[in-house]
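Visitor: Residue numbers (the working numbering), protein chains in the order written: chain A, 6 to 407; chain B, 6 to 407.
No wet-lab data here; the hints were simulated from the structure.
Errors might be hidden in some of the hints.
The list cannot tell twin chains apart, which means a pair is met if one copy fits it or any two copies do.
Below, simulated PhoX-like cross-link-like pairs (lysine-lysine); rule was C-alpha separation at most 25 Å, straight line [to be verified]:
1. K54 x K335
2. K174 x K330
3. K256 x K125
4. K377 x K154
5. K125 x K308
6. K355 x K312
7. K176 x K395
8. K395 x K174
9. K223 x K355
10. K125 x K330
11. K330 x K377
12. K395 x K154
13. K335 x K174
14. K353 x K256
15. K174 x K289
16. K8 x K191
17. K330 x K54
18. K192 x K181
Note that the structure is predicted; figures quoted are calculated from it, not measured.
There are 2 protein chains.
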Amino acid sequence: MDKLECLFCQKSFPLDIFFPFCPLCQEPLLCPDPLSNKPGIPKAFPTIKNWYSWLPLSTYNPYLSLGEGRSPLIRCGNLLPSNELPPVFFKNESFNPTASFKDRGTALAIQKAVSLGINKIGTVSTGNMAASTAAYGAKARITTYLLLKEDTSDQKARTPAVFGPKIFKVKADYGKLFTESYSLGKKHGIYFMNSVDPFRIEGYKITGFEIFRQLNNKAPDFIFVPLSSGGHLIGLIRAFQNLGHSGTLRKFPVFVGVQAEGCAPLVRAFERSESRFRRIPEGKTVAHSISNPDPPGGNIVLKLIQKNKGVLVSVSDEEILEAQKILAVKEGINCLPASAASLAGFFKLKTSGRIKKNHISVLIITGSGLKKLTPTDTSSDPCLSISLRKLDTVFSNERKIY
Amino acid sequence: MDKLECLFCQKSFPLDIFFPFCPLCQEPLLCPDPLSNKPGIPKAFPTIKNWYSWLPLSTYNPYLSLGEGRSPLIRCGNLLPSNELPPVFFKNESFNPTASFKDRGTALAIQKAVSLGINKIGTVSTGNMAASTAAYGAKARITTYLLLKEDTSDQKARTPAVFGPKIFKVKADYGKLFTESYSLGKKHGIYFMNSVDPFRIEGYKITGFEIFRQLNNKAPDFIFVPLSSGGHLIGLIRAFQNLGHSGTLRKFPVFVGVQAEGCAPLVRAFERSESRFRRIPEGKTVAHSISNPDPPGGNIVLKLIQKNKGVLVSVSDEEILEAQKILAVKEGINCLPASAASLAGFFKLKTSGRIKKNHISVLIITGSGLKKLTPTDTSSDPCLSISLRKLDTVFSNERKIY
Chain A
6 MDKLECLFCQ KSFPLDIFFP FCPLCQEPLL CPDPLSNKPG IPKAFPTIKN WYSWLPLSTY
66 NPYLSLGEGR SPLIRCGNLL PSNELPPVFF KNESFNPTAS FKDRGTALAI QKAVSLGINK
126 IGTVSTGNMA ASTAAYGAKA RITTYLLLKE DTSDQKARTP AVFGPKIFKV KADYGKLFTE
186 SYSLGKKHGI YFMNSVDPFR IEGYKITGFE IFRQLNNKAP DFIFVPLSSG GHLIGLIRAF
246 QNLGHSGTLR KFPVFVGVQA EGCAPLVRAF ERSESRFRRI PEGKTVAHSI SNPDPPGGNI
306 VLKLIQKNKG VLVSVSDEEI LEAQKILAVK EGINCLPASA ASLAGFFKLK TSGRIKKNHI
366 SVLIITGSGL KKLTPTDTSS DPCLSISLRK LDTVFSNERK IY
Chain B
6 MDKLECLFCQ KSFPLDIFFP FCPLCQEPLL CPDPLSNKPG IPKAFPTIKN WYSWLPLSTY
66 NPYLSLGEGR SPLIRCGNLL PSNELPPVFF KNESFNPTAS FKDRGTALAI QKAVSLGINK
126 IGTVSTGNMA ASTAAYGAKA RITTYLLLKE DTSDQKARTP AVFGPKIFKV KADYGKLFTE
186 SYSLGKKHGI YFMNSVDPFR IEGYKITGFE IFRQLNNKAP DFIFVPLSSG GHLIGLIRAF
246 QNLGHSGTLR KFPVFVGVQA EGCAPLVRAF ERSESRFRRI PEGKTVAHSI SNPDPPGGNI
306 VLKLIQKNKG VLVSVSDEEI LEAQKILAVK EGINCLPASA ASLAGFFKLK TSGRIKKNHI
366 SVLIITGSGL KKLTPTDTSS DPCLSISLRK LDTVFSNERK IY
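Using the sequences and the accompanying hints, generate a full structural model.
Guide: Okay, here's the thing in structure tokens:
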């Protein structure tokens with residue numbers, strides 16, 4: 006019988022896939038650490054299947070995979086003058102089936118769902134998680150329900166819609182919708198794999214394992230990750246906790262969760278050394294994907310960050326947009342503002358002097374910029390119209406034109 | 006001194022990076038086969054660097070990489086009733102830095118450019134190749150020129166524009182623009198890495214090598230690939246030619262190039278067993294990325310397909326759109342119509358009886374559907390608007406609603 010654990014009450018409970026929350030304190034439950042104390046590190050560059058002994062799976066079905074994971078760790082070259090630049094790598098999660106890190110979590114949750122005989126899944130989301138859940142639902146031939154906010158644009162609903170899920174725009178407060186989805190799911194046998202689902206979080210662990218493998222079985226000094234519901238950061242921290250327990254980790258990395266200033270309830274609590282955050286009325290930032298005024302995994306994040314000497318920082322919209330531009334024009338990476346928060350957070354810590362020249366940093370790019378075209382300047386036509394015969398003159402005199 | 010070869014004149018010429026065409030017959034020149042007769046097959050799941058001895062590179066600079074390649078080979082599960090389905094795999098090239106196969110070619114061409122001291126690159130393209138070239142140009146800190154057709158929409162130009170290239174919409178016939186780009190490039194020192202660039206083609210070889218490795222050092226029976234300029238198919242065929250020359254290949258796969266009926270100059274020539282194709286006035290198909298009425302690599306494709314017992318087939322727009330829908334709703338893969346041509350071609354050969362139950366097929370998905378949202382039905386709102394309290398009733402009675 007599978008069990009889940011509460012970090013706060015220090016108790017474990019039998020798995021209820023439809024309601025993975027602590028019956029005592031209502032915080033999200035997490036999976037226990039891997040049973041085997043010292044699972045081996047797979048060689049080469051492994052898939053989910055190869056991390057089997059680190060994951061809460063009793064079966065692995067290859068027909069449920071969309072090729073998730075094994076994203077590249079890209080060397081950064083051009084961010085700062087080379088004599089000032091400590092080693093920086095981008096872990097680019099847009100190399101995933103629906104172009105965001107969410108696929109890591111959905112891939113694991115769908116394995117669990119099928120192994121439990123679940124035939125209906127769902128999620129509450131407005132963006133990346135909806136597309137991811139719909140794609141895996143299609144692959145697994147499982148009916149998929151997406152609950153979106155009432156004001157979600159048709160344009161935004163089209164990305165998940167291609168996979169044929171059942172989509173509802175619901176007239177309700179988003180927080181209430183999140184809570185209510187579980188009651189509805191339990192009643193109607195729909196497994197809502199939402200942002201802090203314990204199996205989704207286990208899927209995010211694999212990103213951490215890969216970083217460790219890609220750096221030749223070593224942790225970086227810093228890992229920067231945009232912070233919203235908390236699920237992603239919790240999964241990444243758990244990866245290194247698992248590695249620590251297995252005896253293969255020499256030094257725990259410093260995790261840096263980055264929120265936008267306009268929506269930073271966890272940073273506020275962190276700065277006040279509080280163990281619980283207070284929800285804010287509303288998030289206001291260009292980084293929509295990390296605008297969550299009431300993150301369901303927030304208290305777990307605070308606990309894990311405080312325990313592991315991590316850091317939470319906030320960055321302004323201007324810093325985010327500048328980082329997004331730098332990533333595109335200097336590093337060839339097209340990402341959404343929320344992803345660029347990693348780099349904005351890196352600059353913040355670099356400026357503060359916390360990052361030394363020999364410190365290795367990994368910046369997680371959470372998803373592709375193709376999901377929404379947000380060029381650095383949308384107001385002007387990016388092109389110059391010209392005749393073929395004039396091109397020659399232009400190339401000869403281009404300095405005068407640009 | 007690097008050399009390039011003409012398949013038709015059977016001669017080799019010193020490399021002119023600015024004009025890689027045969028001075029005698031004007032066909033595109035190709036790189037010679039790898040010098041070493043038996044380069045080793047790398048273990049694990051290698052990057053470009055590990056295929057070094059199979060590629061025309063004398064240096065490898067890791068700072069030019071955007072993490073290209075190593076795309077997954079995904080098991081197909083739901084296309085046909087399971088008792089009728091031969092083994093089918095999708096090689097999904099949307100797992101690349103700018104979400105299309107073009108990155109494979111650009112990644113290699115940029116290595117070559119930098120090793121030759123080139124400081125200006127360009128391409129003639131309206132879509133995927135423009136974004137790819139701009140991204141790698143940004144990473145390499147090389148000025149990048151994109152020449153687009155005059156009627157290219159601003160929307161379409163925005164994807165490459167984020168990387169900061171110099172973009173020109175040129176008033177000229179597209180075929181003429183392609184030809185002229187080389188004269189301009191030669192005069193102004195701009196390396197135009199267009200669709201049939203010999204180094205770009207060498208980059209596409211790696212996709213073939215990966216398929217061979219992913220099937221445990223075996224070729225599949227069939228490889229389906231959408232066919233436009235010809236560069237991609239030429240690269241894939243060359244991969245297996247190289248493997249054959251190295252002595253590691255038991256059986257050469259049957260390559261199936263798929264064109265849209267509305268733009269199928271190469272299929273016409275193939276069906277008439279002609280060695281040269283005739284350009285058609287205009288392409289008309291929903292699969293824009295493979296609508297090339299005058300493919301520059303066309304004659305090489307015909308020669309290689311005839312020599313290696315390959316096949317060229319055309320599929321209708323209806324078949325393409327149906328295949329695109331099946332990929333999304335049954336396989337969880339969101340791709341553009343051009344990519345879905347692979348599956349439409351597979352269905353065609355399956356129906357003809359050519360593919361037996363034990364034949365392994367690999368279908369290449371050339372790029373991501375995120376580049377343009379083309380849901381199966383754009384006319385209607387994909388969502389149902391509803392109140393939270395009514396959701397319960399809906400879930401209870403959903404059969405009545407859908």
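Visitor: Take the hints in turn and mark each one as holding or not.
Guide: Here's how the hints hold up against the structure:
1. Only between protomers do K54 and K335 lie at most 25 Å apart by alpha-carbon distance; the minimum there is 23 Å, versus 36 Å within a single protomer.
2. Taking CA atoms no more than 25 Å apart as the test, K174 paired with K330 passes between copies only; the shortest distance there is 23 Å, against 33 Å inside one copy.
3. Taking the shortest alpha-carbon separations for K256 and K125, neither the intra-copy value of 42 Å nor the inter-copy value of 44 Å comes in at or below 25 Å.
4. Taking identical chains as interchangeable, the C-alpha atoms of K377 and K154 lie at most 25 Å apart whether they share a chain (18 Å) or sit on different chains (24 Å).
5. Taking the shortest Cα distances, K125 and K308 never come within 25 Å of each other, neither inside one copy (33 Å) nor across copies (51 Å).
6. In this assembly of identical chains, the alpha carbons of K355 and K312 lie at most 25 Å apart only when taken from the same copy (23 Å versus 59 Å across copies).
7. Proximity of K176 and K395 under a CA criterion of 25 Å is satisfied inter-copy only: 10 Å between copies versus 56 Å inside one chain copy.
8. When the C-alpha separation of K395 and K174 is checked against a cutoff of 25 Å, the pair qualifies only between copies, where the shortest distance is 12 Å, while the shortest distance within a copy is 52 Å.
9. In this homomeric assembly, K223 and K355 come within 25 Å of each other (Cα to Cα) only inside a single copy, at 22 Å, whereas the closest approach across copies is 49 Å.
10. Taking the closest pair of Cα atoms, K125 and K330 come within 25 Å of each other only across two copies (21 Å); inside a single copy the shortest separation is 41 Å, beyond that limit.
11. When the C-alpha separation of K330 and K377 is checked against a cutoff of 25 Å, the pair qualifies both within a copy, at 14 Å, and between copies, at 22 Å.
12. With identical chains, the CA atoms of K395 and K154 are at most 25 Å apart between copies only, with a shortest distance of 15 Å across copies and 51 Å within one.
13. Taking the shortest alpha-carbon separations for K335 and K174, only the inter-copy value of 24 Å comes in at or below 25 Å, while the best intra-copy value is 39 Å.
14. In this assembly of identical chains, K353 and K256 lie within 25 Å of each other by CA distance solely inside one copy; the values are 23 Å within and 56 Å between copies.
15. Taking the shortest Cα distances, K174 and K289 sit within 25 Å of each other inside one copy (22 Å), while across copies they are farther apart (37 Å).
16. Only within a single protomer do K8 and K191 lie at most 25 Å apart by alpha-carbon distance; the minimum there is 18 Å, versus 68 Å between protomers.
17. With identical chains, the CA atoms of K330 and K54 are never at most 25 Å apart, being 37 Å at best within one copy and 29 Å at best between copies.
18. For the identical chains of this complex, K192 and K181 are intra-copy neighbours only, at 17 Å inside a copy versus 65 Å across copies, given an alpha-carbon limit of 25 Å.
Against the hints set out earlier in the document, violations occur for numbers 3, 5, 17.
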